[in-house]
Amino acid sequence: MATTNGSTAIRDKILASLARYRALRIGKFPCAFWRLSSRPGLTAVDTQKFYPEKTRKELPVCPLTFVEKNVYIGTVGRMHGVKDQITLVQAFVLLMQRHAELIGQVYLLLVGDGPLRAQAIELLEKHQLRQYVWLPGERQDIAEIMRTLDIFVLPSQNEGISNAILEAMATGLPVIATEVGGNPELVEQNQTGLLVPPESPESMVNALNVLIKDKQKRKQLGERSLQRVQDNFSIQVMVKNYTDVYDSLGLERKQ
0 MATTNGSTAI RDKILASLAR YRALRIGKFP CAFWRLSSRP GLTAVDTQKF YPEKTRKELP
60 VCPLTFVEKN VYIGTVGRMH GVKDQITLVQ AFVLLMQRHA ELIGQVYLLL VGDGPLRAQA
120 IELLEKHQLR QYVWLPGERQ DIAEIMRTLD IFVLPSQNEG ISNAILEAMA TGLPVIATEV
180 GGNPELVEQN QTGLLVPPES PESMVNALNV LIKDKQKRKQ LGERSLQRVQ DNFSIQVMVK
240 NYTDVYDSLG LERKQ
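In terms of numbering that gives the first Met the number 0, the sequence shown opens at residue 0 and continues consecutively.
Please keep in mind that the hints were generated in silico from the structure rather than gathered at the bench. Positions of the beta carbon are idealized from the N, C-alpha and C atoms, including for glycine. Any given hint could be a false lead.
[Unchecked claim] Derived pair list, reagent style DSS-like, types lysine-lysine, alpha-carbon separation capped at 30 Å:
{"#": "1", "residue 1": "Lys53", "residue 2": "Lys212"}
{"#": "2", "residue 1": "Lys68", "residue 2": "Lys53"}
{"#": "3", "residue 1": "Lys68", "residue 2": "Lys214"}
{"#": "4", "residue 1": "Lys56", "residue 2": "Lys68"}
{"#": "5", "residue 1": "Lys218", "residue 2": "Lys125"}
{"#": "6", "residue 1": "Lys214", "residue 2": "Lys48"}
{"#": "7", "residue 1": "Lys56", "residue 2": "Lys239"}
{"#": "8", "residue 1": "Lys239", "residue 2": "Lys48"}
{"#": "9", "residue 1": "Lys53", "residue 2": "Lys218"}
{"#": "10", "residue 1": "Lys48", "residue 2": "Lys125"}
{"#": "11", "residue 1": "Lys216", "residue 2": "Lys56"}
[Said to hold, decoys possible] DEER-style ranges, computed between Cβ atoms:
{"#": "12", "residue 1": "Gln229", "residue 2": "Gln118", "range": "15 to 23 Å"}
{"#": "13", "residue 1": "Thr64", "residue 2": "Glu100", "range": "16 to 24 Å"}
{"#": "14", "residue 1": "Ile102", "residue 2": "Val238", "range": "45 to 53 Å"}
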């Protein structure tokens, strides 16, 4: 069995976890269409590690004060290139400029390390918003950090199947993600989250504003996110799907 970006090859079958990947491969290799199978549940998240909690817990290492009435937005990932956390920072700046009443009530967590971290700090300091954002660098306690958030954002310019999105959904979070790569196959518009164009702070600030001001919508999207992961992206579902594929290959060879 060999794995490439977006697909897994099992000798007689190529499994694509992205419908988009299958379409691209058929376009490039039309003669092999019969070997390409697109199905969900070929990627999984550990739902024993990533799960929601009813009450928010403090992070001892975080300088931010966690208050139930406040809203905490976060993202997790390498702060480099196509991950484009700068668009999220720009959206946060716009949000504070347009809605001054949210200053001190909305906070941002940017977890990860890389060259964009310094750029993000510079931009936040320029607009005097550094104290409302936590940039801890690379962390190992991602599950605990996820459980402190109200909204998860993935601002990538390109993406395959995002583990970070699956982890956020398993934690019961509404997700704002760019409409690129495999994101639309995880985040269902207005069902489990909101999709926005890449590199568009304006679109992102609009999406953030919708969820910040509507706690009930956040709750509904988060509950559907959790259900979607449990139904399609748990480890148990993934194991069953791969087992079904192996069984079907065995039947094909016998016929």
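Numbered hints the structure breaks, given as an ascending list: Numbers 5, 7, 10, 12 - these are the hints that the structure violates, sorted from lowest upward.
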